Every structure is written in C-alpha cells, then in structure tokens.
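Q: Chain by chain, the residues run as shown.
Protein chains: 4
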Amino acid sequence: MYSTRIYYQDTDAGGVVYYANYLKFIEKSWFEYLMSIGISIPEWEAAGVYMIVKNVSLDLIESLRYGDTITVATDIFLVKNAYFMMSHRVIKDNKSTARCETKMVCIDKNGKPKRMPEDFRNKLIQNIKNGQQMRSSITRSVSRDS
Amino acid sequence: MYSTRIYYQDTDAGGVVYYANYLKFIEKSWFEYLMSIGISIPEWEAAGVYMIVKNVSLDLIESLRYGDTITVATDIFLVKNAYFMMSHRVIKDNKSTARCETKMVCIDKNGKPKRMPEDFRNKLIQNIKNGQQMRSSITRSVSRDS
Amino acid sequence: MYSTRIYYQDTDAGGVVYYANYLKFIEKSWFEYLMSIGISIPEWEAAGVYMIVKNVSLDLIESLRYGDTITVATDIFLVKNAYFMMSHRVIKDNKSTARCETKMVCIDKNGKPKRMPEDFRNKLIQNIKNGQQMRSSITRSVSRDS
Amino acid sequence: MYSTRIYYQDTDAGGVVYYANYLKFIEKSWFEYLMSIGISIPEWEAAGVYMIVKNVSLDLIESLRYGDTITVATDIFLVKNAYFMMSHRVIKDNKSTARCETKMVCIDKNGKPKRMPEDFRNKLIQNIKNGQQMRSSITRSVSRDS
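Protein chains in written order, with this note's numbering: chain A, 1 to 146; chain B, 1 to 146; chain C, 1 to 146; chain D, 1 to 146.
Honestly, the hints are just simulated from the structure, not real lab data. Please note that the accuracy of each hint is not assured.
Repeated chains share a single entry, so a pair holds when one copy, or any two copies, can fit it.
Straight-line C-alpha distance at most 30 Å; calculated DSS-like pairs for lysine-lysine [what the hints assert, rightly or not]:
(1) Lys28 - Lys80
(2) Lys28 - Lys92
(3) Lys123 - Lys112
(4) Lys95 - Lys28
(5) Lys109 - Lys28
(6) Lys114 - Lys92
(7) Lys95 - Lys109
(8) Lys129 - Lys112
(9) Lys95 - Lys112
(10) Lys95 - Lys114
(11) Lys92 - Lys112
(12) Lys123 - Lys95
(13) Lys80 - Lys109
(14) Lys92 - Lys109
These numbers come from a predicted model, not from an experiment.
Chain A with its partners taken away, still in its complex shape:
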C-alpha cells in the first residue's frame, strides 16, 4: 500500500486535491504494488517490455485537503494475454475517498501491442484478487444516474 501526505502541489484553488493528481497517486501505488509482487517496471522496460495505460475510470467520492494522509490500495482483477486491469482505492481514515480502474496494455519498443511475457503474466495471475471484478462493474466510470 502506497501512503502519502497531501501537499500544496496536489491541491488547487478550490482547496482540495486537483482531479488529475489522483492519477499521480495511482501511478505510484501500482508501481509499488507491482514491485511488491516481484515486477519491476523499469527492469522490464530495459528488456523491451512496456506497459501503457489504455483506459481509466475515476470516481471521486470525498474531497481531500492539504495535510491529509492517504493510502492507496491497488488490486489486480483481470489478466488477459496482452493486457491486465487493476482497481485502486484512495483511502483516508479507513474510508474510500476515490476509486479508479486502469487497463494496462503491453507494447514493444515501437508501440505495437504484444503478449505479456509468461513470467510477468504469471506473477499477475497469482495475485488476482477474487471478487474484484464484480465490484468493478458497479464502480464503472461515469455514472449517469445519481
């Protein structure tokens, strides 16, 4: 779990965290999460394997303010041949203040999609969190009826 304080750089003149900056917390969380299960993105890149973000959905539930402390929890909930999906929760005081899903696609040096290497893919599969996919259909990006 990635943990950080909210600094001025994360906020905007509305007094709360600027919406794009959630995606920065989330990058840090997935980087550290993947590292914790044995996947170093920089090392894979050195070997010619790149993961790029293809789709993102983000739901902001409760505002975050300067000086707050948050943790971000990242889970893997779907692994296919050429992509995988993660869900992320931004937590403050044991409450989810934001939810996010990201689809990451594997590409080669020239930007062409390619199969994830077996070792990379196996580590992802071993860490799939059951039940996540169901929740994911609930928290789908832009809800039209609230």
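Starting from the structure of chain A, add chains B, C and D where the hints point.
A: Just chains B, C and D now, kept in the frame of chain A:
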C-alpha cells in the same frame, strides 16, 4: 476549441504524453468552451456556485509526442438539475487520439450538492450536442474486451 | 510572447499559482520564443542536439489567481560556446509578477556537454537583448536582504 | 529526510526528471523537515500564519531517471523577523544531484508580510545549521562562468 502544442512538461520518459496530463488539457478545453457559451466559472464561484468533477473516463487511442500540436473539442451531452456531462476529444491531424467524459456536479461553498442556477443551466441546455449521448455509451471508460 | 489563462491546475490550496508551475509557463514561453526566431527544439533534438536547463533563479513578486490572464516575455541576454542564458518576465496588467533566469546547456545524446552548432548559436546571438545582463545582476535569485 | 522513487510522472521525454518537478520534491522535503522540528504548516495556516515562497535558486548537477531513488536533505541557514531561508540537496547514491535555496516569507490571510510568531521563529532558530550560509554563497543560483 482549445489548441496547444505538446511541451516537455506534458511528456514522460516513455517519450509520450503522461496519462494524467490529458486531464489537464481537458480542464483547459472545458473552461474555454464554457467561457465561449457565456459561462465564466471564476465569476460563478465568486457568486458561491462551484462545479466539481465527480467522474471521469479516459480512453487513450494514440500516443502524443513532444512538439505535436493538438486541439481539444468539448461538447455537452447531458444536463440534469444538479450535474451535467461533457465529452472531450483530443485531436491531432483530424484524428481523435484520446476520448474523455466528465461528470460535473454543482456544490455550494460547503461542498453540499445543489441545483444549478437557472441561468447557468439554461446556457448548458441550449448547447447540448445531439447524438453525443449515443457515442458516449460506446466509449464507456474501461473496456474489458478489446 | 506566450499568453495563457490561469486554470485550476496551475493553482494550489493557498488560492494562488503554485511556485513550481511558474517554471512550466516559462518552458512554454522559451519554446515559443525560440520557435519565433527560427529555432525548433524538437527538430534540433532529431539532429542530436539537446538543450538542458542547468540553473534557474525565480523571484515571485505578486500572486496570480484562478482566471487571471498572463503573458510571459522571454529574452536572450548571454550566449557562450556551450550555453546561453534567458530572462523571463511573467506579466499581468502590464506589471511583472514574477522574474526568472535560466541557463541552458548544450549536450549530445549521451548527456555530454558540447558546443552549440553554429547555425543555432548565430540565431541566438542575433537576438540578444542589450541591457538585459545588467538587470540580471540585480534580480539575482535568492536575495538575502529585503 | 524525505525519500522517494522517481516515477514516470516526474520525468519528461528527455528521459530525465523535468526541471520544475525538483521544486515538488523540495516542497515535500521542507514540509516533512519542518514537521520533524515541530512546525506543522497546515496548523499554522489554521491559525492565520502563512509562509509563501518568495525566491528560489536551483542548480541541476546530474540527471535523475525513472526508477532512481533519491533523498532530499533540507537545512535552515538564515532566520530573520519576517522570512527564513532553507537549502536543499537532492541526493542519489550519496552524491548531490541538485541543489536549491528557497526564501520563505511570512504573510497574513490578506497576503500582507508580517513578523513570524515567536514560537514558530524560535523553532527555526534552534535548528539553524551552521556553515550553511557560506556554502550558499557558492551555490548561488545562475552561475555565469562555468
């Protein structure tokens, strides 16, 4: 239509625009679009009316690089009592390179949701782009089968 | 002259532009200024010539707020064999609200300092603004006695 | 000492940390440093005491790359009635890769400069690092002769 060049600050070490920075282009686009239809967000804030982002979906189609020139096209496709939805396309050489949808919710100074003022809401309604909602169901955030 | 509005993304919870974001305005200004005198940084990079920032001084004079419109004026005031220096003013309503100086050093693909190509250097020299260097010694970065 | 990894969000298409992002590391470092000596900026703000950055000098010595781990060391080297100065070093593998100095000025809610409260100022004074000021005159912002 908001237009900009891609600068170093927009890119990352992968050589392309960093995913969170799309949301920055999109904020600038909706600000200028709303201004062009007679809605100044800073003026409404001075009057105690705030619009916050509640949900975002982002689809990255094609990478953007340092020195590229893009335009962002913003349309309104749904207006309710307390929120409205916009779609955004990031265009390079007449091709969509990214798509985004945002749901904006009206709140008061204390963060409580509230009805949008009539004048604000009427200007939005007069500028709804027909046919956008249909497209929106296609470009729903995180596609699971591509 | 680069001109922009101040958006939420530029500000922080103090209600004003976040200090690091001045350097983003300034990058855009020097990019456009160099372009205007016939120097395209992306094209020179394609030819193996890179310019990196080596030193920066920044003086914040007056705060900028959400919705403000600013222009940034960039001038070249010193050109040597392997580096050149620019000064930048962030202007609102004809008043300087921030001043900055940057030293840019020429490097090759491996990060080694190298002479600037003659064509590149000549264009810089033809556009040196006289009198700038004098001012620069006044606005030196971190003043200790104010 | 604030410590972090370098993520994609910190870098640019040149493959290295983008120059403005150093100021973000440095904000985090001074926030945590001041916290460690008993000064919580958010708490002082709640009491109507604000510290703003007035001047910055930044010297980039060696590039930082995706996946690198850095620490930032912050020291106080000058405390006056209404402002104080800090120096910051960005360290990788026991080597300084960047140096920075910042002047912070005390203001009230309306942006007017004011004396720092005694308790605030005393804590700063008790933590002045001797010898820093001397070094500071050496690393003055934008050197003209290298």
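Q: Confirm or reject each hint.
A: For each hint, the structure was consulted:
no.	hint	in the structure
1	Lys28 - Lys80	within (23 Å within a copy, 35 Å between copies)
2	Lys28 - Lys92	both (17 Å within a copy, 19 Å between copies)
3	Lys123 - Lys112	within (22 Å within a copy, 39 Å between copies)
4	Lys95 - Lys28	both (20 Å within a copy, 24 Å between copies)
5	Lys109 - Lys28	both (23 Å within a copy, 29 Å between copies)
6	Lys114 - Lys92	between (37 Å within a copy, 25 Å between copies)
7	Lys95 - Lys109	between (40 Å within a copy, 23 Å between copies)
8	Lys129 - Lys112	within (28 Å within a copy, 35 Å between copies)
9	Lys95 - Lys112	between (39 Å within a copy, 19 Å between copies)
10	Lys95 - Lys114	between (38 Å within a copy, 24 Å between copies)
11	Lys92 - Lys112	between (39 Å within a copy, 19 Å between copies)
12	Lys123 - Lys95	within (29 Å within a copy, 35 Å between copies)
13	Lys80 - Lys109	within (20 Å within a copy, 37 Å between copies)
14	Lys92 - Lys109	between (38 Å within a copy, 22 Å between copies)
Every hint, counting from the list given before, is met by this structure.
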